[in-house]
Amino acid sequence: MIRVQKLVGGYTHSPIIKGLDLEVKKGEFFALLGPNGSGKTTLFKLITGQLPINSGKVSICGKEISTLSKLEKAKKMAVLTQEVQVSFDYTVEEIISLGRYPHQKGIFKQLSKKDRKVIEEVMEITQISEFRTTQFRLISGGEKQRVLLAKALAQEPEILLLDEPTNHLDIKHTFQMLNLLKERQQTTGLTIFAILHDLNVASLYADRVALLHNGSFLEIGEVDLLRKESQLKKVYEVKVKSQSHPTVPKPQLLMTPSHFSSNRLFNFDDSYKIKQGEDYLHVQFDQPLRTISNTEVGAGVQWLKHFCQFQGPHSDIQQLMTKYSLPHEQAAGIMTAVKLEEMVMITKVIEDIHMMVIVTEGAGKTINIMLYIDAHFTDGALVDGYMSAVEAKVKVLHDLHYSQTIAAVASTDIVLLALTQQGTKIACAGSGTVVGRAIGQMVYGAIKESFSKYIEKVH
Amino acid sequence: MRNSSIPKYLNNKIGWLYVISGGLLLGISLLGLFYSSVTVTVPTILHIIIDKTLNMGWLTNIAKNEEMIIWNIRLPRVLLAFCIGASLALAGAAFQGLLRNPLADPYTIGVSSGASLGAVLVLFFQVSIVGLGSFTLPVVAILFGLISLLIVFGLVRLSSKSLAIETIILAGIIVSAFIGALVSLIISLSDRESMTQIIYWLYGSVGMRGWSHIQLILPFMLIGSFILISHYRELNALALGEDAADHIGVDVRKGKTFVLIGASLLTGAAVAVSGSIGFVGLVIPHLVRLITGPNHRHVLPLSMLVGGSFLILADLMARTIIAPKELPIGVITALIGAPVFALLLIRERFGKGANK
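Line order of the protein sequences matches chains E and F.
Under the numbering used here, the residues of the first sequence are numbered 1 to 459, in order.
Under the numbering used here, the residues of the second sequence are numbered 460 to 815, in order.
The following block holds chain E by itself, in its conformation from the complex (with noise of 0.2 Å):
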């Protein structure tokens, strides 16, 4: 649809594209990324023809773009920019239907029936009938953009050329505007180019993507290309973690701000406070740990501070929490059958890294770990701490002859792990590692001792 041969253009004597290729096939959606400065306003120019191309070719729908007329470009391609200042007090039906201007014939052009038709269609597709007589300047940024792609639909382009379209919208209306536009091009086959600015919107939406620096693309494909952190880093000089979104199999990418970089250490020792009531028990960090766990509230990998055991049984265990001031959003928590007074806590120092675990344990059928860590885990270091936990326990179960009655009920076990994320980063933590071994060793100790009181009270 969209064909760029060894293009150079750019204003005045230094060119600021420097021979790109490009193609976008009909009926896809291609994002074009960078940062300021790199060239994405000035190709998008050279495509409409405001700038002139020094060398090389441009076609749309297998035309050379210097051979065609305004009117025939118009009609192939339209336009939708940042939002446009309106002069005079022009309606939104008026504007619209301006679209039309390169479809209308004669002297004294007047919108015929025809025009009028597609008009009322794109209205409707935009939802903005109901604004059809007001004033552009009295609604509001959002609506204002659907207004200026209700216009551009009505020139009932081939290709839709998009700069930076969602700029000054909010979440609501910058999504509003990109699921319209997604579903033109599912629905109508129509093809969008568009200069995004957010890569986490781009990932979502386009096809496939282009990442241009300096005038030249480092690299054109699918929008999984954005897993390359380092690229990303070299591109936009920021620190980006690429994760996959949560319920979209598409990469997000997460930005560092250069104040958490450097590390601030605490004392991890100094660093809780623990507090115990008759039905409840809290662990309160001054810092956010970095935890994974199977927790009621708080479960998978997360950055929590509070962590709480309520005995139950008791139906709702966020009123709980409300009830003891804890923010859920911080916390992890749990219900639990056992007794909480017969907690153990053990706080050791293996091979240079301060530990501290809880256990609860109830009349050995439920175990409850949680295991706070002195250490900076990579996420496969989490999994991998997590595994050596798990295995300490069967290990000490089956030492203890308990096989049986974990089998019966594993399912409510709760294993937590937490960590400071302080110190230099461990990429493996797996039960032959000397962090795994130190897992192990705390998780085994603990439970243990629990049991050893359990058989005490009860002999």
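These are calculated hints, taken from the structure and not from any lab test.
Covered by chain F, according to a simulated footprint, are these stretches of chain E (three or more residues, beta-carbon under 8 Å): (1) 79-86; (2) 97-105.
Pulled from the structure, derived: some chain E residues nowhere near chain F, Cβ distances all over 12 Å: (3) ARG3; (4) THR174; (5) PRO288; (6) ASP316; (7) MET321; (8) HIS328; (9) LYS425; (10) GLY445.
Sample of chain F residues with no beta-carbon within 10 Å of chain E, all distances over it, derived: (11) ILE479; (12) GLY486; (13) VAL497; (14) VAL501; (15) THR512; (16) VAL589; (17) MET654; (18) TYR659; (19) TYR662; (20) LEU675; (21) PRO787; (22) ALA793.
Just so you know, even glycine gets a beta-carbon here, dropped at the ideal spot from N, CA and C.
Following the hints, complete the assembly by docking chain F onto the known chain E.
Relative to chain E, chain F alone:
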């Protein structure tokens, strides 16, 4: 139901506006023909006009002097006032649309100053070109107007490739200021009699011109109006800004050039035959836009009708307030125009405040 009824209602409203403006024009024209020191009854006026235009020769029962007054003095005066008012208002509307500035008027880009300079030179040197006679002044004025348009264009071309709006306005101001200085220089060098003549001319008047001046302005007015009205869509598109206009397929440079030429023809010709009459080109398009909305398809023709009517009325007042002497028509338009414009500004501010 709702979808189809609204545009119909709008069309009806616009239709009525044309009818009302047309009626207003007819009424004011008749008033202009009727109201004067010598009273001629309305049926007689209509009789004379119909007979003369259709050339039937049934005027035997009407006094010769009445026929003379109506046909040779009052009718050309009313028609000329209409032509000039219509030209200035249309040019003003076009300039405001083109420059995206509601404060622009036909004099913004310096064509009128050029025309004035031409006229002033003719009055100062008391020249008369052979073959032109009393036409010397308007012809020279139009020529000077066109020359100043070329100078403005040249300046804009030299400083900006894309005919940027800001450059057009600046070049217009520069040229106007320079020519204004030349006019002042000539006035200060002239003797008492020609000074009075020049100043009186600069205030503007549509009196004592006759049919010949209508013949002079008519071709410019027709061509200019045709150019502007046929470019109404380009003017609408330019409201979005030049880039956006380009994106919907408007040849922005060509459109701007045509509109500039059309509006300059209208302004130059109007100034050449009547002197520089202010405020018509500024206030009338504003007033029309307030009622019809900004769509140039209606703003342009309605500005012509309303501007024409306004100037006929202004001329009527100019010659009746201190009759038998006449006031300069420019004074009347400014006296009416400035307060109306001030009112519009205040109203607009309060209107916007209430809406937001």
